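Here the protein sequences come in this chain order: H and Y. If you're matching positions, the first sequence starts at 21 in my numbering and goes up one per residue. If you're matching positions, the second sequence starts at 21 in my numbering and goes up one per residue.
Keep in mind that a hint or two might mislead.
[What the hints assert, rightly or not] Over the 10 Å line for every Cβ pair with chain Y, so calculated as not near, a few chain H residues: (1) GLU96; (2) PHE103; (3) LEU323; (4) ALA360.
[Claimed, not checked] Which chain Y residues face chain H? A few, computed with CB under 8 Å, are given here: (5) GLY64; (6) ARG88; (7) ARG95; (8) GLU209; (9) ALA328; (10) LEU331; (11) SER342; (12) PRO344; (13) ASP346; (14) HIS357; (15) ARG375.
Calculated directly from the structure, the hints in this document are not laboratory data. The model shown is predicted, which means the values in this text are computed figures rather than measured ones. For every residue, glycine included, the Cβ atom is placed at its ideal position computed from N, Cα and C.
2 protein chains.
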Amino acid sequence: MESRFGFQIVARDGAARRGLLSTPHGEVSTPAFMCVATYGAVRGVAPDELRGLGAQILLANTYHLHERPGDDVVREQGGLAGFTGWRGPWLTDSGGYQVTSLAHRMKLSEEGITFASPLDGKRRLLTPEGAVAIQQALGPDIAMVLDECQPAEPAKSGDSAEPAESAGRRKESSERPRPDSTRMRQAMERTLRWAERCRRAHTRSDQALFGIVQGGVSLELRRESARGTVSIGFEGYAHGGLGLGETREQRGDLIEGANELLPDEAPRYLMGLGKPIDLLDGVARGVDLFDCVVPTRNGRHGLLFTSAGLLNIKNARFARDSGPIDPECDCPACQNHSRAYLRHLMKTGEALGARLASLHNLRFYLSLLEQARAAISSGNFASLHRKIEARVGCRV
Amino acid sequence: MESRFGFQIVARDGAARRGLLSTPHGEVSTPAFMCVATYGAVRGVAPDELRGLGAQILLANTYHLHERPGDDVVREQGGLAGFTGWRGPWLTDSGGYQVTSLAHRMKLSEEGITFASPLDGKRRLLTPEGAVAIQQALGPDIAMVLDECQPAEPAKSGDSAEPAESAGRRKESSERPRPDSTRMRQAMERTLRWAERCRRAHTRSDQALFGIVQGGVSLELRRESARGTVSIGFEGYAHGGLGLGETREQRGDLIEGANELLPDEAPRYLMGLGKPIDLLDGVARGVDLFDCVVPTRNGRHGLLFTSAGLLNIKNARFARDSGPIDPECDCPACQNHSRAYLRHLMKTGEALGARLASLHNLRFYLSLLEQARAAISSGNFASLHRKIEARVGCRV
């Protein structure tokens, strides 16, 4: 096992870059999509299948694993790579987003985030040092700093945040009162102070730590956040708090504005986004890593990505359709099964249906990034970007 | 594709026999366990995985497929082998048991079974001719006659039968009023009349039709049923209505008493049973085919079969157990994952947990029958039978 973390850019096409990320558990060709394995497993999908789909690195949720089975158990079992059977690279989030959006009676203070566990109702405190300690125990190749995530509604002392998994992150701007700029500045500045505490607390030399740029939809705040985060110094940098209602154009400007200030030689990660076009928009601006629950969550609901756009497999018109989901796709679902069979499985709630749909959608995302890497190498990224925009569109 | 159905006995050990069943979709080494794929899919498990586990033939439920997606859809998509992606042999039940135990307002008459569909509440009639027509459309290699299944409680006109999937079939004798012998005789005689109607209605030359021996727990009735069924003449014979509360010894006697009257050269199928020891008890008396939901249903609940007995993976003592479920097992779950990880998946409700547990339990059953076949060939079946009884026991 190598113990060093590294990132090397191997090709460029405009601001887009193709890179090679080295981690203790293997290499990752970037730009790359990280499949979400909340509890250390992608819903219904086994590690060897993920490898077959072209997955290179998985993302697990620190907060969920801290609750169950506990980071001490994961550490004892050899860390995420030993515990889960996915022996390749792992990234964990810091748990801050989950605590802010899922936990009850969440309260932010300079010390950290106090919340009531949804599991047992007990009050807990997540500090920057605690988030680092948990991630050092979980043992991913990449850990994230604890950032102050803007909750869906302005936090009031004693308020309970939204408990539902789907709440918060995807709220439309119309439902979400825009935090005032004072509050956005305070959150951004606290994130910087927490980032510094995380940096000091982090001691594992075989694990990279990424900082997170915050600042809401203010370009000025995001640029200030980027400068401050870079001055602390991390192995990589993430864009946090996006995909929360800003327009596509706004998001592009915010990413571009921060990227200009991030070191070219460090990997950049756009957290939690998004639709296929969002990924390519990010790649076009020099982002290297992505994660999103959209392919697996949509898959479980029968919404499938294809080269011709989105398809709802539960639709009656597929009842007797003996063709594959997508004739251009090489996933196991498309190779072995028809639309009619997949529709039948989804309609009857058979677990194999959600699994095949997830496999298909994950392959769509992983293949999209493979195409992006090839296009960057051949100088055709802009053409791929336009093609996907026209064929797959911007809806999810 | 061969179009002929055949059965050849290749070895004997006492009453136990090893055979080779030829079907249009491939050969099956017997004694064999048929994995249950109710809606045309084993819960969460893909066809290539089943093949890897050693599955040779699957069982689907006529009644479920008739409701969804409809037998016309399955026929149009190339029958079960074309529709599902499992290109090997299939057997379907007749739907009678499901209708009797799952449907509402079930009413038996000489014509057939009238019931209200649980899907849309509409009244439907399943006749022997209808059960054959549906199975001819579904296209399994082996179809079953419609038999009169004893419902969980004596049927009264307008009564609704138990709707829950788990109800009925596994009822203990204490919960289940014993039908009087007049009623048992009437049901057995009606089953014979229905068997004759099925035989006349069945026209597919590339599909075998099996008769079903009924008669409750009466040896006399079962022997009479066997004689009558044989005189109609089928490609194979099943023991129906067992596993409903009779003792192990009773069941053994009932199977043996009927088997003596069944033609030696035809395959024999013990329907819906059961625990590992039940299968070996059947093999010892010359049964060739088995099916049961126990491995997959137990798996979904975290109950795992091992060479040392049954194990509840959710138990706290496995939280830090880095060993495999069963060191003697060669299934993908045991090869790639620890008890600690599987317990974590089951405790958090991750779909991968139920899938790995099902894979493991199915492999246990399939391997058990592999061992039985080898033991018959080498004349050691009695020794295997005793070993499994001592190590795995008789509980489920």
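Status of the hints after comparison with the structure:
Its closest Cβ contact with chain Y, about 6 Å, brings GLU96 of chain H to no more than 10 Å, contrary to its assignment away from the interface. Look at PHE103 of chain H: its CB is around 6 Å from the nearest CB on chain Y, not clear of 10 Å, so calling it non-interface is violated. Taking the minimum C-beta to C-beta distance to chain Y, about 18 Å, the non-interface status of LEU323 of chain H holds against the 10 Å cut. Here ALA360 of chain H does not stay apart from chain Y, with its beta-carbon only about 5 Å from theirs, under the 10 Å limit.
Interface hint status for GLY64 of chain Y: upheld, as the beta-carbon distance to the closest one in chain H is roughly 4 Å, under 8 Å. For the restraint placing ARG88 of chain Y at the interface with chain H, the shortest Cβ-Cβ distance is roughly 5 Å, inside the 8 Å limit, so the hint holds. Because the closest C-beta pair between ARG95 of chain Y and chain H is about 11 Å apart, greater than 8 Å, the hint is violated. A distance limit of 8 Å between C-beta atoms decides the matter here; for GLU209 of chain Y the minimum to chain H is near 36 Å, and the interface restraint is violated.
The interface hint given for ALA328 of chain Y is violated, since its Cβ lies 22 Å from the closest Cβ of chain H, which is over the 8 Å cut-off. Annotation: interface hint on LEU331 of chain Y violated; nearest CB of chain H at approximately 18 Å, more than 8 Å. Given hint, SER342 of chain Y at the interface with chain H, holds; its Cβ is 6 Å from that chain's nearest Cβ, closer than 8 Å. Using the Cβ-Cβ criterion of 8 Å, the hint placing PRO344 of chain Y at the interface with chain H is not satisfied: the shortest such distance is roughly 11 Å.
Restraint check, ASP346 of chain Y versus chain H: the minimum CB separation of about 17 Å is more than 8 Å; hint violated. Look at HIS357 of chain Y: its Cβ gets to within about 5 Å of chain H, closer than 8 Å, so that hint holds up. Checking ARG375 of chain Y against chain H by beta carbon gives a least distance of about 6 Å; that is within 8 Å, so the hint holds.
The structure is inconsistent with the numbered hints 1, 2, 4, 7, 8, 9, 10, 12, 13, although it conforms to all the rest.
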